[in-house]
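K.L.:
Sequence:
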Amino acid sequence: MSKSAKGIIAIIIILLVICILVYPALSDEVSDNEGSKEYEVTFINGNAEYFRINIDPAHPTIGNNMPSAPSSENGMIFVGWNTKTDGSGNNVTSDTQINKDITVFAVWTIEEENDRTGFTSTSSQSYKIDDKTVEIVLGDLYPIPKVEEVTVIVYDPETGKQCRGSLGGSEYTLSFDNVRVSFQDTDNDGLMDSNEKLTFEADNGLTAGIWNIELDYENYKNGNNQFHFHIFENGEESYPENVRVNFLDVGQADSALIFTSDNKTILIDAGVPLNKKTEYAPKLIEQLKNYHVEKIDAMILTHPDYDHIAGAEAVLDEYDVLSVYMCKKTAKSATYTNLLSAIDQEGCEKHIGDFSAGDYLNLSTTENFRVLSVDSKTKNDTNSASIVIRMSCESHSFLFTGDAPDNVEMEMLQSYSDELDTDILKVGHHGSKSSSSSDFLQAVTPSISVISCGKDNSYGHPHEEALERLNTYSEEVVRIDISGAYSYTSSGKIID
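By UniProt numbering, the letter at position 86 of the sequence shown is numbered 86, and the numbering carries on one by one without gaps.
Simulated from the structure, these hints should not be mistaken for lab results.
All of these numbers come straight from a predicted model, not from anything done at the bench.
If a hint is listed, it holds; no wrong ones were tucked in.
Taking CB as the label site, the calculated pair distances span:
1) N178 - D344: 25 to 35 Å
2) S170 - N234: 31 to 41 Å
3) E237 - S333: 44 to 54 Å
4) D317 - I144: 54 to 64 Å
5) G484 - E349: 25 to 35 Å
6) E318 - T472: 33 to 43 Å
7) K283 - G460: 19 to 29 Å
8) K379 - D203: 40 to 50 Å
The calculated SDA-like cross-link candidates involving lysine to any residue, where the alpha carbons are at most 25 Å apart (straight line), are:
9) K295 - A314
10) K379 - Y336
11) K350 - N380
12) K277 - S483
13) K146 - Y220
14) K264 - T489
15) K161 - N362
16) K276 - A334
17) K332 - A342
18) K146 - V179
19) K295 - F232
20) K132 - I494
21) K493 - S447
22) K161 - T378
23) K132 - V181
24) K276 - S333
25) K283 - A485
26) K328 - N380
27) K295 - E346
28) K295 - I352
29) K379 - S356
30) K264 - E241
31) K197 - V152
32) K264 - S487
33) K433 - A443
Heads up, the beta-carbon is just placed ideally off N, CA and C, and yes, glycines get one too.
Please model the entire structure based on the sequences and the hints provided.
P.N.:
Laid out in structure tokens, this is it:
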């Protein structure tokens with residue numbers, strides 16, 4: 001065999017060894033065990049031509065350009081991918097479709113520049129020093145803002161309300177009540193660069209709950225401008241994710257029962273079919289007992305229609321209800337009037353229209369509940385007043401829409417287009433054609449759409465037009481009138 005042939009074989013063997021060593025690093029998990037590291041593969045460039053693997057504590061962001069050679073700027077390993085399909089030959093259109101069966105044609109490795117190990121995602125890029133101090137490591141912002149131009153928005157978990165302020169002065173600090181926020185400009189360039197830190201401190205301890213933070217500035221386009229961290233009750237350091245959502249069978253009505261990872265019980269709507277309270281209210285209570293409900297930490301009644309509130313009085317009679325959330329919109333029915341009296345008699349915490357779209361409800365220290373709409377002014381009807389809530393878990397997300405019609409859906413598209421993408425959708429208005437518009441569903445892209453309606457109901461729900469749209473944009477459509485009560489569990493991760 002000639003020397004040149006031997007040389008070629010040797011090169012091939014070396015390349016094979018490199019591929020064997022590098023390929024295991026292409027993983028969806030993050031680990032740092034005895035020096036062997038696996039890094040998360042992140043979608044880049046919007047067209048599936050490139051990936052990059054980040055070994056920096058800041059979360060990678062979608063970028064418009066890919067270096068032709070490795071850059072030492074962010075401590076990256078860059079991986080080129082030679083097709084626009086996944087390992088099964090399917091076209092890739094988003095990061096959620098990327099799998100591990102990818103073809104690597106070029107790998108460059110550069111030296112890691114920081115001493116932090118592992119990877120920190122957008123949803124948890126915080127370092128909890130203790131219950132009084134938390135540091136957040138910033139990701140990439142585009143364009144990179146001047147510190148003095150940024151408005152820091154903090155949602156106080158105690159009230160759910162926004163606190164806004166700018167980092168003024170040479171030390172870049174601001175205060176919200178008893179909480180101090182400071183920014184560490186490590187390179188003294190006056191910019192909020194990737195890997196620089198925001199620190200939150202409270203002398204008496206940060207309030208238990210989920211702290212949500214946004215950075216807002218003019219011409220902001222993309223990047224990691226939303227952050228959150230958890231402060232748990234009773235000194236807990238972490239919880240295993242274990243969220244159970246049960247869509248109850250209440251006929252032509254709505255009710256969903258949620259158990260959070262930190263053992264809170266939340267009921268969204270407590271409806272029974274029109275004029276069937278005597279028959280269905282006991283069925284609602286029976287289902288709650290079958291799920292071993294002991295108390296209700298929060299009851300959210302999305303709007304005052306009979307088929308969303310008529311079982312609530314029976315719930316208040318049967319259980320200790322710690323808090324109730326309702327929209328401002330009222331009804332002139334005896335059912336609504338009697339409900340208000342029952343809430344007063346319960347003596348629970350009462351929130352009637354004292355929250356707005358964009359607020360977070362402090363219902364759990366493990367799962368996030370954000371109001372995307374309430375008391376919409378687009379139309380003056382009870383359905384448009386519906387409370388719409390997105391629950392974010394570690395593994396999945398849920399969107400509860402009440403009876404929100406398409407005019408409210410369009411309003412949410414304008415205000416919260418980046419937050420509508422959801423795994424499980426509680427379909428609006430029992431599958432009516434007036435809800436579940438194509439534009440809305442295209443933004444939500446639900447894996448599962450759940451329709452709460454009664455068998456052979458007089459409204460004809462779900463309407464064929466809505467079903468056609470739901471089947472187009474959902475992987476699965478579940479009908480309570482056919483399947484009965486439906487449950488979904490989100491579990492598997494650690495919340496810390």
